[in-house]
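Participant: Now for the letters of each chain:
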Amino acid sequence: MTRAENPRHIGARVLRFEDVRLLSGAARYLDDITRPNMLHMSMVRAQVAHATILGIDSSALADAGFPTQVFTADDLGSLSIKAHQDYPQMQYSEQPILASGKMRFVGEPVAAVLADDPYKAEDASELVFVDYDPLPVVGTMDQARDASLPTLFDGWKSNVIVEREMKGGDLDKARAEAAHIIRRTYSTQRQAGVPMEGRGVVAEYNPADRVLTVWSSTQFPHIVRTCLSEVLNWPESRLRVIAPDVGGGFGVKGQVYPEEILVPWLAVKTGRPVKWVEDRREHLMASIHARDHRHVLEAYVSAEGRLLGLKADVTVDNGAYSTYPFTSAGEPGMVGKVLPGPYDFQAYHAVYRAVATNKCSIGTYRGVARPSAVFSQERLMDDIAEELGLDPIEFRLKNIIREFPYKNVLGFSYDKGSYAESLEKMRELLAADRTEAEASKVSTTRRVGVGIACFIEQTAHGTPDFIRRRVPIETGYIAARVEMEPDGQAIVDLGMQNHGQGLETTMAQVAADALGIDPKDVFVRHGDTLMTPYSVGTWGSRGAALGGGAVHTAATQLADKLRAIAAHLLQAKAEDIVLGGGKASLKADAGRFVEIRKLARIALRNADQMPEGMTPGLEASFSQDGPADGTYSNAVHAAVVEIDVPTGKMKLRRFVVVEDCGVVLNPMIADGQVRGGVVQGIGSAMLEHFVYDAECQPLTTSFADYLMPQAPEIPNIEVHHIVTPTSLTPLGAKGMGEGGAIGPAAAIANAVADALDVQVTSTPLNGNAVWRLSAALRGE
Amino acid sequence: MTDITLEVNGTEKSLAVEPRRLLADVLRHEFGLSGVHIGCAHGACGCCTVHIDGVPKLSCLTFAVQCEGKAIATVESVGGPNAEHALQQAFKSEHGLQCGYCTPGFVMALIPFVEAMTSQRRMPEDDEIREAMSGNICRCTGYHGIVAAVRKAIGDQIAGGSNRS
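One line per chain: the protein sequences are A and B, in this order. Anchor point for the first sequence: position 603 equals 603 in the UniProt record's numbering, and the numbering is continuous, going up by one each time. Anchor point for the second sequence: position 54 equals 54 in the UniProt record's numbering, and the numbering is continuous, going up by one each time.
If you are wondering where the hints come from, they were derived from the structure by calculation, not from laboratory data. Backbone N, C-alpha and C fix where the C-beta goes; we use that ideal spot for every residue, glycine too. A portion of the hints provided could be inaccurate.
[Said to hold, decoys possible] Only some residues are given here: those of chain A computed to face chain B with a beta carbon under 10 Å: (1) 22; (2) 196; (3) 281; (4) 501; (5) 671; (6) 708.
Start from the sequences, fold in the hints, and give me the full structure.
Facilitator: What follows is the structure, encoded as structure tokens:
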């Protein structure tokens with residue numbers, strides 16, 4: 001693999017090109033899209049969690065006083081989203097675009113009402129009456145395994161959607177040799193990514209060219225296009241999906257939702273553009289939820305404190321439907337895959353399952369199961385250290401992987417990282433806090449605790465990883481097309497979507513280094529299937545590693561052509577030409593050069609001046625797939641908490657990150673990604689929780705109930721980098737978009753356990769939880 | 001429908017609106033001000049913050065008819081198309097934004113705070129800065145860059161002695 005030669009821009013703190021439009025109000029998000037003669041859609045949603053639909057009466061709409069149209073499952077025929085993995089152990093289900101026959105969770109779309117004004121559409125949707133017969137509710141993981149309750153889908157044997165296993169090594173031997181067996185049950189609550197912009201869709205059909213254009217607030221326009229094509233049986237060539245400015249995604253906008261099928265279908269059906277914009281209540285009820293895990297772990301440890309083996313039983317409360325394209329098997333499967341973590345042991349057996357309940361469906365959210373897996377893994381490491389009387393950092397260092405590449409117990413190959421070094425660095429950074437925490441143990445009123453989480457993250461995994469999983473996403477590559485215009489300006493058409501990651505800047509940095517021009521002379525375009533090459537979109541921590549790799553490789557191909565033309569003009573060899581500062585110069589004599597813009601003009605306008613036989617044009621494309629096992633980033637997170645025992649009030653005093661994501665394209669943006677992820681993780685640890693009552697009515701459908709992290713309770717986040725470049729991606733970059741969100745729940749829980757000398761087995765560690773955990777210290 | 005006259009970003013306009021129309025919707029659709037973003041529509045996230053007679057207010061909790069005769073300012077008026085206000089510039093240099101959806105609301109909520117600190121020639125503590133943005137939610141940045149942006153804007157303006165960069 002080629003690395004960027006003489007990088008000038010990669011690694012620099014380049015300020016973001018996208019900021020001006022975002023700061024000035026000129027950005028165009030989904031709700032800023034309007035089309036002439038547009039209809040507005042409002043959804044009628046299920047108000048009960050589980051029921052048979054007896055009928056839908058929309059006769060009251062005749063008296064609404066304005067024109068309306070209403071559509072139900074009967075109008076849609078068999079349109080549905082199919083998100084199945086071809087495992088014998090997985091029960092088949094489909095998600096109807098509008099509830100058909102049954103309603104399976106509160107918030108499920110049941111009918112669509114159209115009017116020419118969004119306020120009127122909402123008025124009208126309240127006039128639609130859904131008659132139903134309630135069914136017993138399947139509300140918890142335990143109820144999902146209760147055979148006396150009905151299955152969510154006809155023909156199912158039980159509400160266990162999928163149950164599989166992963167194993168490696170000899171677990172019986174590990175158990176037999178163990179001096180200590182530590183068994184714990186850990187759980188992490190239901191929460192979600194909750195971007196500040198909700199979802200929304202606009203669609204318009206143009207009969208002149210038979211192109212159906214769909215604007216969606218999505219992270220992956222090409223995947224939406226493929227799913228739409230399959231569900232509507234519409235040629236992909238005549239589908240254009242545009243993701244405009246997108247106000248945050250975090251994985252939530254990395255699923256295809258019923259509304260993304262329904263709105264285009266309605267645009268075709270009615271012959272008018274149709275728009276739907278989700279409100280916050282709909283978002284919290286019926287966009288995807290995440291996490292909601294229970295892990296039963298059993299660790300086998302030698303007398304010397306070496307981890308010999310791990311047994312895991314993993315359950316995810318999936319909610320009602322399997323989401324496209326990662327499915328119900330994705331979340332628990334990820335736990336099974338990642339639990340071995342950064343530790344050296346060679347016996348493992350995980351059984352994992354997803355169960356169906358009458359709740360909103362589980363989907364991907366930053367970290368995808370890893371925040372829950374790392375919570376359990378790292379709580380377990382502290383619990384083992386406690387039982388063995390070992391220092392938690394020393395215990396980890398005793399078991400940490402130090403030799404690379406490392407073949408883990410499941411056969412995954414870890415590329416080089418800085419696992420031990422990160423732990424040692426964190427030990428130094430925490431020395432004073434740990435001393436203070438120890439000293440506070442004498443107090444029964446004010447305790448300080450320090451907790452760490454050490455983890456790795458498989459990132460940028462390539463097609464083989466998805467083939468192994470037999471998952472509808474099928475592949476993981478990112479494509480880029482780089483072209484230069486006659487004036488020497490470059491365009492990068494990128495198959496990813498930029499919704500905060502700064503790709504319009506970092507990808508310009510990458511292209512500029514290869515092309516020898518300034519990043520401001522590179523226009524990065526994205527989010528529109530009409531002008532960008534097919535790609536899987538922005539998710540799975542693959543922007544820098546694979547997006548950057550695709551841009552680098554395509555731009556390098558273009559640069560080779562520029563060098564060849566320059567060599568011809570300068571009567572030199574192409575390998576003696578170097579591009580930089582807008583010039584193609586001789587390596588040995590910088591005074592001899594041709595301006596790159598002149599080379600561009602020759603290639604595109606004055607082809608007669610090109611070397612004989614060379615074809616005109618300056619365009620190159622490259623599709624960058626990921627390595628089969630991905631490339632592994634690593635990090636250690638640490639939290640320092642202070643707990644006021646009489647009130648149970650906890651203050652997060654300090655949060656420190658030591659992380660290694662290989663080569664960093666732009667340190668400002670990398671730090672921003674880490675810090676933003678960490679604060680989401682703090683939300684997971686301390687605040688955010690989707691609560692359902694016994695009838696599966698959601699109780700947290702506003703920001704008054706669903707608590708997002710706000711500035712006053714969040715400390716500044718300290719970030720330290722160690723750089724171990726990978727040889728598996730063109731730029732040496734590993735993925736880093738998700739890592740920030742993975743460690744905080746574990747680190748904070750370990751800090752609470754340290755502060756209070758208690759076992760912590762679940763999140764969120766909100767005020768109530770910390771109050772309960774500190775009861776013993778209050779003598780209760 | 002009710003006839004109202006609003007002064008928006010310095011320009012007066014009369015229009016007829018339903019009494020129930022939110023100020024946010026009227027600014028977005030009748031005035032074409034796409035910098036007004038709706039994040040929750042229940043007054044909890046601050047995305048829709050605008051100035052009404054110079055005071056930050058939530059345009060999702062305000063009906064347009066309540067603003068008869070009032071002067072309203074949105075982010076579009078703050079630093080022009082190049083976002084040249086010192087606070088906007090500091091958001092850029094300190095990486096105080098990622099997806100940008102909450103950003104106009106933060107800018108509008110924090111401008112009076114920045115101006116007050118600048119006029120007192122006082123650099124606030126981080127806790128005060130964080131308290132000043134406690135009505136706004138940002139999901140991307142973790143607030144770190146926004147705190148830094150506020151410090152930078154105040155510092156630059158104290159040093160430069162002007163309200164605009």
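Participant: Are the hints correct? Go through all of them and say.
Facilitator: Verification of the supplied hints:
For residue 22 of chain A, the interface hint holds, since its Cβ comes within 10 Å of a Cβ in chain B; the closest pair sits about 3 Å apart. Evaluation of the residue 196 of chain A hint against chain B yields a held restraint, the C-beta minimum of about 4 Å falling below 10 Å. Satisfaction of the interface hint for residue 281 of chain A is found here, the shortest Cβ-Cβ separation to chain B being roughly 8 Å, below the 10 Å cut-off. Among the interface hints, the one on residue 501 of chain A holds; its C-beta lies about 7 Å from the nearest C-beta in chain B, closer than the 10 Å criterion.
For residue 671 of chain A, the interface hint holds, the least distance from its beta-carbon to any beta-carbon of chain B being 7 Å, beneath 10 Å. Restraint check, residue 708 of chain A versus chain B: the minimum CB separation of about 5 Å is within 10 Å; hint holds.
When each numbered hint is compared with the structure, no violation occurs for any of them.
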